[in-house]
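K.L.:
Read off the chains here:
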Amino acid sequence: MWQAFWALLGAAATVAACYATGALVVDRVKAPLARTERFPLSFVLGASVLHLIMFALLALKIAYRPVVVGTLVVPIAWAIWKGSWKLKGESFEPLSQPLKSFYSTIFTAFTIVYFFHAWAPESSPDGAGYHLGLVARYLRVHGFEKVITNMYASLSAGVEMLYFPAFAIGKHSSAALVHYAFLVALAMAMFAYGRRIGKPWVGAAGALLVYVSPVVGIDGSIAYNDCGVAAIAFSVFYFLEIWDEVREPLLLIPIGFLAGYCYAAKYTAFVMAIYAVGFVAWRSRRMRATLAVSACAAVMIVPWVAKDWIYAQNPVAPFFNKIFRNPYGRVRTEQEYNDYLTRMGVENKWTLPLEVTVRGEKTGGLIGPIFLLAPVALLALRFREGRRLLLAGLLILTPYLANVGTRFLIPCLPFFALALAMAVSWPPALAAILLFHAVASWPSVIPRYASKYSWRLDRILYKQAIRKIPQDRYLRQNFGGYGIARMIDETVPKGVPVLAVNGLPEAYSTHEILVGFQSAYNDDLADILNAGWDESRQPTRRIIFKFPSTPVRRIRVLQTGVGVPLEEFKAHEVRFFSNGVELPRDPAWRLQAWPNPWDVRMAFDNSPATRWRSWETARPGMYIDADFGKYESVDEVRLDTSFDYANLRLQVEAMNPDRKWAKIAADPETQIIPAPVSIRRWASRELHARGIDYIVMQDTDWGAEDMREDPESWGFQEIAKGYGARIYKVVAP
Amino acid sequence: MSSCQNMPEPYAPPVQRQPFEEGRPHRMMRIVNMSDGDWMAHAVQDIPPSEPSPWKWAGQKPTVKVVARTNQGLRFTIDFSIAQATLKDTGPVTMTFLVNDHTLDSIRYTASGDYHYEKAVPPEWVEPLKDTLLAASIDKMWVAPADGAKLGFILTRIGLTQ
Numbered sequence: 000m001w002q003a004f005w006a007l008l009g010a011a012a013t014v015a016a017c018y019a020t021g022a023l024v025v026d027r028v029k030a031p032l033a034r035t036e037r038f039p040l041s042f043v044l045g046a047s048v049l050h051l052i053m054f055a056l057l058a059l060k061i062a063y064r065p066v067v068v069g070t071l072v073v074p075i076a077w078a079i080w081k082g083s084w085k086l087k088g089e090s091f092e093p094l095s096q097p098l099k100s101f102y103s104t105i106f107t108a109f110t111i112v113y114f115f116h117a118w119a120p121e122s123s124p125d126g127a128g129y130h131l132g133l134v135a136r137y138l139r140v141h142g143f144e145k146v147i148t149n150m151y152a153s154l155s156a157g158v159e160m161l162y163f164p165a166f167a168i169g170k171h172s173s174a175a176l177v178h179y180a181f182l183v184a185l186a187m188a189m190f191a192y193g194r195r196i197g198k199p200w201v202g203a204a205g206a207l208l209v210y211v212s213p214v215v216g217i218d219g220s221i222a223y224n225d226c227g228v229a230a231i232a233f234s235v236f237y238f239l240e241i242w243d244e245v246r247e248p249l250l251l252i253p254i255g256f257l258a259g260y261c262y263a264a265k266y267t268a269f270v271m272a273i274y275a276v277g278f279v280a281w282r283s284r285r286m287r288a289t290l291a292v293s294a295c296a297a298v299m300i301v302p303w304v305a306k307d308w309i310y311a312q313n314p315v316a317p318f319f320n321k322i323f324r325n326p327y328g329r330v331r332t333e334q335e336y337n338d339y340l341t342r343m344g345v346e347n348k349w350t351l352p353l354e355v356t357v358r359g360e361k362t363g364g365l366i367g368p369i370f371l372l373a374p375v376a377l378l379a380l381r382f383r384e385g386r387r388l389l390l391a392g393l394l395i396l397t398p399y400l401a402n403v404g405t406r407f408l409i410p411c412l413p414f415f416a417l418a419l420a421m422a423v424s425w426p427p428a429l430a431a432i433l434l435f436h437a438v439a440s441w442p443s444v445i446p447r448y449a450s451k452y453s454w455r456l457d458r459i460l461y462k463q464a465i466r467k468i469p470q471d472r473y474l475r476q477n478f479g480g481y482g483i484a485r486m487i488d489e490t491v492p493k494g495v496p497v498l499a500v501n502g503l504p505e506a507y508s509t510h511e512i513l514v515g516f517q518s519a520y521n522d523d524l525a526d527i528l529n530a531g532w533d534e535s536r537q538p539t540r541r542i543i544f545k546f547p548s549t550p551v552r553r554i555r556v557l558q559t560g561v562g563v564p565l566e567e568f569k570a571h572e573v574r575f576f577s578n579g580v581e582l583p584r585d586p587a588w589r590l591q592a593w594p595n596p597w598d599v600r601m602a603f604d605n606s607p608a609t610r611w612r613s614w615e616t617a618r619p620g621m622y623i624d625a626d627f628g629k630y631e632s633v634d635e636v637r638l639d640t641s642f643d644y645a646n647l648r649l650q651v652e653a654m655n656p657d658r659k660w661a662k663i664a665a666d667p668e669t670q671i672i673p674a675p676v677s678i679r680r681w682a683s684r685e686l687h688a689r690g691i692d693y694i695v696m697q698d699t700d701w702g703a704e705d706m707r708e709d710p711e712s713w714g715f716q717e718i719a720k721g722y723g724a725r726i727y728k729v730v731a732p
Numbered sequence: 004m005s006s007c008q009n010m011p012e013p014y015a016p017p018v019q020r021q022p023f024e025e026g027r028p029h030r031m032m033r034i035v036n037m038s039d040g041d042w043m044a045h046a047v048q049d050i051p052p053s054e055p056s057p058w059k060w061a062g063q064k065p066t067v068k069v070v071a072r073t074n075q076g077l078r079f080t081i082d083f084s085i086a087q088a089t090l091k092d093t094g095p096v097t098m099t100f101l102v103n104d105h106t107l108d109s110i111r112y113t114a115s116g117d118y119h120y121e122k123a124v125p126p127e128w129v130e131p132l133k134d135t136l137l138a139a140s141i142d143k144m145w146v147a148p149a150d151g152a153k154l155g156f157i158l159t160r161i162g163l164t165q
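Chains as they are written, first to last, in our numbering: chain A, 0 to 732; chain B, 4 to 165.
Looking at chain A on its own, in the form it has when it is part of the complex (with noise of 0.2 Å):
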């Protein structure tokens, strides 16, 4: 009962410390609000001030809960003292009996539904994984710190930057409800819209289109962000029109710190900040307008940046990695991870929109069969209110087909729902659209005609929210992954990191779970893991140049050919010979590769089980470089590699007095040679060596059963087990 308690504390603190900064805020550049906009839009703007000075707390390294909790309680005491506090405001019209009926009926229909499940124990797999999770380990080092095994630490997390203070009152659930603090703002942010511009029905229409929308309900209510930044890119554009309306300078700053917050809450809500600046250099033809409004916005972006080049080397990591090259991030991988979510196994683009507004399986959650309606928005082309809706929807639209996940649509819903609600106005048809949208949202309806495994919500969590049924118990019965975390704290020494295939609900662990697809330096861990049992990985094939005895003091292997797409140059073992002896490697070459020139060494090794990899698609030009410091004589040049690529052309070029390469050696003769019979001993000392010594596997995880059948074969122990998953103990490395 006291988790639940402390969940509510924490979700209630952050909310209020972020409305009574927005309200100082509002206050200051004398926003003209009226009493119902109030609450939306100074929460929205006080999480971006918020979320800055969290930032700098976690910059600092001084994130401590009291400081934490402090930073929660100045803002409120300060908004109480100066009367910012206060709903106050002009009133809109007085609303319509039945409007209000309509609406509320709706609202709190799908509001119970969605609190309870954002209250009970967080199970979502992002949530768990890697939002809270990254949330859990700064709590823990009261700081940012350079964390090179997880690509995720690299977004912009402008809405977790306010489920930190959450979650240190009251852990995952309170930050769950922050979020879901975010979708009801959202939702009354647009219903009051709709008051503002005089057209009631049509805002709480917009407003209920979007609220009992499956996918939003279910995003809207775990530790995700996107309802965060729907109600972020709306409230920019709210700004945008009252300044339009007022053109009062000093609504330039909320408009800027929101638009920067857009960037700050996920990279591809960038373009709000676009939207904003041209809406105000558009609308005021002025330059020191369309500055300021600049100038705010970096205060938010700025930051951000700033953290990816320092830790990452990269200022938009964990993409651009072709461009910023950096050790961190592979360019196969972020080509991979791109793939997958441009398709997300939609293979014609063409049933998407049935994908993501019926069925709901591939992409993950449906929008609602009523958006099948959204071309019928155009006809809100007819009002100017209408063109700037479409305007912003369509621009926050546009990174939508980079991913093709339903959620991803959250940000732009709001505009395109009043814009659908604009185009229709009349308030029966109105009612009846609303109607059908809140029967086909309900969860127990959404199974009749949706795909059974579309993501979305299934029932009432009360008695998990308020923990009469054990958070501990729960979880265990309910969230896979939550067991294996626990059997990981249970077995495994502290503070020991631990090597997984797949991801896991990190963030109900205090130990740093390496995902092999998630960094560079997992990608290596994982390729080692998988050299110890996959043979298409292993070192069986010989490529072997055989050339008349030339002195070189700088020889390398260069790639000719052009891979199909993924397809690397990879090396386990670069070998010089002369008459039949190898050139001992000696302290003083020097060795080089592009692309990848980190990983080198792992070509000059000495072992099986690690190998150089481009780790991107071969073109011509890529190499391996020798510099043995003096001359000698090479007449013999051996590349041991896998047999996983074939569309190579190798060849061997020595470096010329003059500093110029030339070829001594084409056509290479190939050898099949047998994997080590320790491969798999091998594997498990390349990661020990690396700090791996504990390893989990899920069942279902590729290798899983060759690790099960023989784990002494790796050197491994099994130490738990449980869960659909084995826990190892690397023992004899």
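In case anyone wonders, no lab produced these hints; they're calculated from the structure.
Check the hints yourself; a few may be wrong.
[Stated by the list, open to error] DSSO-like cross-link-like pairs, simulated, lysine-lysine; straight-line CA separation at most 27 Å:
(1) Lys122/B <-> Lys143/B
(2) Lys99/A <-> Lys87/A
(3) Lys720/A <-> Lys68/B
(4) Lys59/B <-> Lys720/A
(5) Lys122/B <-> Lys68/B
(6) Lys87/A <-> Lys29/A
Got chain A; can you put chain B on it based on the hints?
P.N.:
Okay, now just chain B, sitting in the frame of chain A:
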């Protein structure tokens, strides 16, 4: 663009790894434990789908499929139990053990209890890297008087070892 290129200085060769002096080949073991998280992916028939658990009631001829990398030195292995409650009604039962529908052995059991059985599998019965069907068949099923449900025996694990 080149300003974005973040090239490290060339590296010296790392410490050379030494080969293992002794090593033994990996022993293949394709055992399906009823407690494994992926046991259902191996089930073919007569084991009702359910969450992993230490043992499961099986039907007349529970069958699983496994993929063996080799067909050399393989042994069929099974751990199972015959319940007193069923045996007292059915009387002694005969179990037949099969690999890819070849009968490996038939054994008559007259007492209830936990049993382990294993026997070498002729190499020609198994095709490497292809599904191998492993089954244990009981000749008499117990029929529940209340609802007519039919039960064979209790299965704990079944598979191939090397």
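K.L.:
Each of the hints needs a verdict: does it hold here or not?
P.N.:
We went through each hint and held it up to the structure:
Between the alpha carbons of Lys122/B and Lys143/B the distance comes to roughly 23 Å, so the proposed pair stays at or under 27 Å and holds. Distance check on the hinted pair: Lys99/A and Lys87/A sit about 21 Å apart at the alpha-carbon level, within 27 Å; holds. Annotation: proposed proximity of Lys720/A to Lys68/B holds, straight-line Cα distance about 23 Å (limit 27 Å). This hinted pair checks out: Lys59/B and Lys720/A have alpha carbons roughly 18 Å apart, not beyond 27 Å.
For the hint pairing Lys122/B with Lys68/B, the CA-to-CA distance comes to about 18 Å; that is within 27 Å, so the pair holds. Pair hint Lys87/A plus Lys29/A holds up; C-alpha atoms about 12 Å apart against a cutoff of 27 Å.
Going through the hint list in order, the structure satisfies each hint without exception.
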